[in-house]
Amino acid sequence: MGAADTPQQILDPKKRYQAGVLKYAQMGYWNADYAPKDTDVLAVFRITPQEGVDPIEAAAAVAGESSTATWTVVWTDRLTACDMYRAKAYRIEPVPGQEGQYFCWVAYDLDLFEEGSIANLTASIIGNVFSFKPLRACRLEDMRLPVAYVKTFRGPPTGIVVERERLEKYGRPLLGATMKPKLGLSGKNYGRVVYEALRGGLDFTKDDENINSQPFMHWRDRFLYCMEGVNQAAAQTGESKGHYLNITAGTMEEMYKRAEFARDLGSCIVMIDLIVGWTAIQSMSNWCRDNDMILHLHRAGHGTYTRQKNHGVSFRVIAKWLRLAGVDHLHAGTAVGKLEGDPMTVQGFYNVCRDTVTKQDLFGGGTIGHPMGIQAGATANRVALEAMVLARNEGRDIASEGPQILADAARWCQPLRAALDTWGDITFNYTSTDTSDFVPTASVA
Amino acid sequence: MRITQGCFSFLPDLTDTQIAAQVNYCLEQGWAVALEFTDDPHPRNTYWNMWGLPMFDLRDPAGVMGELKACREANPETYVRINAFDSTKGWETVRMSFIVQRPTAEPGFRLVRQETQGRMLRYTMESYAVGRAPEGARYAP
Numbered sequence: 006m007g008a009a010d011t012p013q014q015i016l017d018p019k020k021r022y023q024a025g026v027l028k029y030a031q032m033g034y035w036n037a038d039y040a041p042k043d044t045d046v047l048a049v050f051r052i053t054p055q056e057g058v059d060p061i062e063a064a065a066a067v068a069g070e071s072s073t074a075t076w077t078v079v080w081t082d083r084l085t086a087c088d089m090y091r092a093k094a095y096r097i098e099p100v101p102g103q104e105g106q107y108f109c110w111v112a113y114d115l116d117l118f119e120e121g122s123i124a125n126l127t128a129s130i131i132g133n134v135f136s137f138k139p140l141r142a143c144r145l146e147d148m149r150l151p152v153a154y155v156k157t158f159r160g161p162p163t164g165i166v167v168e169r170e171r172l173e174k175y176g177r178p179l180l181g182a183t184m185k186p187k188l189g190l191s192g193k194n195y196g197r198v199v200y201e202a203l204r205g206g207l208d209f210t211k212d213d214e215n216i217n218s219q220p221f222m223h224w225r226d227r228f229l230y231c232m233e234g235v236n237q238a239a240a241q242t243g244e245s246k247g248h249y250l251n252i253t254a255g256t257m258e259e260m261y262k263r264a265e266f267a268r269d270l271g272s273c274i275v276m277i278d279l280i281v282g283w284t285a286i287q288s289m290s291n292w293c294r295d296n297d298m299i300l301h302l303h304r305a306g307h308g309t310y311t312r313q314k315n316h317g318v319s320f321r322v323i324a325k326w327l328r329l330a331g332v333d334h335l336h337a338g339t340a341v342g343k344l345e346g347d348p349m350t351v352q353g354f355y356n357v358c359r360d361t362v363t364k365q366d367l368f369g370g371g372t373i374g375h376p377m378g379i380q381a382g383a384t385a386n387r388v389a390l391e392a393m394v395l396a397r398n399e400g401r402d403i404a405s406e407g408p409q410i411l412a413d414a415a416r417w418c419q420p421l422r423a424a425l426d427t428w429g430d431i432t433f434n435y436t437s438t439d440t441s442d443f444v445p446t447a448s449v450a
Numbered sequence: 110m111r112i113t114q115g116c117f118s119f120l121p122d123l124t125d126t127q128i129a130a131q132v133n134y135c136l137e138q139g140w141a142v143a144l145e146f147t148d149d150p151h152p153r154n155t156y157w158n159m160w161g162l163p164m165f166d167l168r169d170p171a172g173v174m175g176e177l178k179a180c181r182e183a184n185p186e187t188y189v190r191i192n193a194f195d196s197t198k199g200w201e202t203v204r205m206s207f208i209v210q211r212p213t214a215e216p217g218f219r220l221v222r223q224e225t226q227g228r229m230l231r232y233t234m235e236s237y238a239v240g241r242a243p244e245g246a247r248y249a250p
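Protein sequences, first through last, are from chains A and B. Under the working numbering, the first residue of the first sequence is numbered 6, with each subsequent residue one higher. Under the working numbering, the first residue of the second sequence is numbered 110, with each subsequent residue one higher.
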């Protein structure tokens, strides 16, 4: 699309660089004929221009404000190969069914970015543009990152394959749960929950995002008791177990200190929260590589910018950035659960990550709140999981036969029977906010 | 105790019919099935004894079941597991692993706690069976 009255790029250098204010499209940030290069970084934004703002000019402004532009013409552009450094908006489409919203595609030359730095990438792509006044709202929906750029990052320190090889666990999803209540347990009581859950059959337990070092449980105490629980459960089951020790802290120095203590205690995994920031995530990822450690990321805080469809950053993009920054696990949401997540969209996030780890928040409450105790709750989960995997592999349709498969297993597994009696009918049937509006159009590939 | 390694240890021991169905699934995925056995089931014991090579070209579950029978007869009172190996790019690893034979009695592991500085402990797991006899005689009835 493109309105006939959309300003075109001014090609005459004298006019283009005359002091004063020009439209972004006139400055060269809109180019409908631009063919993106394989080495370009591409971004798709969903923009909602203010009343009266031409969508193409708004798209050009996004390209401008996320690359070289400022509000006025600067002659110093002419000291640079400025045509190359300018990002180019090159395509715009109305969002189906959403009045006043447009998807706009922007291409960035690879040289605009420093290698191996999510901080630099985000400072460019989401640094200024989201506060830009002519836009009522703006959302970064997706990015295409060229291989040359991707290879400047080290990626996850361990990876799915090596994680499973270290644990010697294959052929079924790993089972984990978050310790509850989130706050208030002493180290000794907290370690009890860890032990019971692992002993009962979980592979991993984890700290929640806001378990750090509060007055009721200092971090060293937590680490010591959790590792007692982990090792005791491992010895009694002959199976590798782990607990994600949250090392999130106020400074990098403190995070390193906690990470080293976790390592010295023999933990195979540590976790950090998304709110520590991209630079801290990359640093911890490097540390994990150097210390044979799996790195779990809890996506704390993401809902502040991922949830609303018209403004923020899609979790799809966050997942890609996290993969570059280098985390082994991340919460990608659950297709069923108490937290936000449209099933189709969540599946897409998993495809981004190729994550085969299943961790459902429901397991937390479902394990710890089991009427026969935590061990029984964990056992019920593990038996249900193994029964379903066995049945799927036998060629049974677990979508339709699932309830029967579980009922059959519950005949010999009393903890599972009790769980089905307690929660058999629970659903979290609320409409998701973040559903996809994109409608693919046929194209000649 | 019951060692819960492998992906079906929380279910009752699989019958040979059930094992054959799982092998069939592995072969349908294009994975190579292998048999391994040990009498040192420590979770960090990565390298169990191989019962021959992974059966890369075998496409019939009956062949695996025949090998399993021979392996069980030659190695009673050991752990035997079926591994399925996926050689496709990006995996090149075991995709499924489950126990298909256990010793009659499983004494399990002792957790050894070495007290070090402060409240710190160094943990290690020792197998009761491994500690009491050399390889080949550990789980003798």
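Keep in mind the hints are simulated off the structure, nothing from the lab. A couple of the hints might just be wrong.
Far from chain B, some chain A residues (derived; all Cβ distances over 10 Å) [said to hold, decoys possible]:
#  : residue
1  : ILE15
2  : THR81
3  : VAL100
4  : ASP114
5  : TYR175
6  : LEU270
7  : LEU395
8  : ASN398
9  : ALA414
10 : TRP417
Derived pair list, reagent style DSSO-like, types lysine-lysine, alpha-carbon separation capped at 30 Å [unchecked claim]:
#  : chain 1 : residue 1 : chain 2 : residue 2
11 : B       : LYS198    : A       : LYS325
12 : A       : LYS42     : B       : LYS198
13 : B       : LYS178    : A       : LYS156
14 : A       : LYS42     : A       : LYS20
Simulated restraints, written as ranges between beta carbons of each label pair [claimed, not checked]:
#  : chain 1 : residue 1 : chain 2 : residue 2 : range
15 : B       : PRO121    : A       : GLU170    : 25 to 33 Å
16 : A       : ASP402    : B       : ALA171    : 44 to 52 Å
17 : A       : ALA128    : B       : ARG228    : 41 to 49 Å
18 : A       : GLY271    : B       : ARG111    : 19 to 27 Å
19 : A       : ASP442    : B       : ARG153    : 29 to 37 Å
20 : A       : GLY271    : B       : ARG241    : 44 to 52 Å
21 : B       : ARG228    : A       : LYS156    : 23 to 31 Å
Heads up, the beta-carbon is just placed ideally off N, CA and C, and yes, glycines get one too.
Hint by hint, here is what the structure shows:
no., hint, result
1, ILE15, "holds (49 Å)"
2, THR81, "holds (47 Å)"
3, VAL100, "holds (35 Å)"
4, ASP114, "holds (30 Å)"
5, TYR175, "violated (5 Å)"
6, LEU270, "violated (7 Å)"
7, LEU395, "violated (6 Å)"
8, ASN398, "violated (4 Å)"
9, ALA414, "violated (8 Å)"
10, TRP417, "violated (7 Å)"
11, B:LYS198 - A:LYS325, "holds (21 Å)"
12, A:LYS42 - B:LYS198, "holds (28 Å)"
13, B:LYS178 - A:LYS156, "violated (48 Å)"
14, A:LYS42 - A:LYS20, "holds (29 Å)"
15, B:PRO121 - A:GLU170: 25 to 33 Å, "holds (28 Å)"
16, A:ASP402 - B:ALA171: 44 to 52 Å, "violated (26 Å)"
17, A:ALA128 - B:ARG228: 41 to 49 Å, "holds (43 Å)"
18, A:GLY271 - B:ARG111: 19 to 27 Å, "holds (24 Å)"
19, A:ASP442 - B:ARG153: 29 to 37 Å, "violated (49 Å)"
20, A:GLY271 - B:ARG241: 44 to 52 Å, "violated (26 Å)"
21, B:ARG228 - A:LYS156: 23 to 31 Å, "violated (44 Å)"
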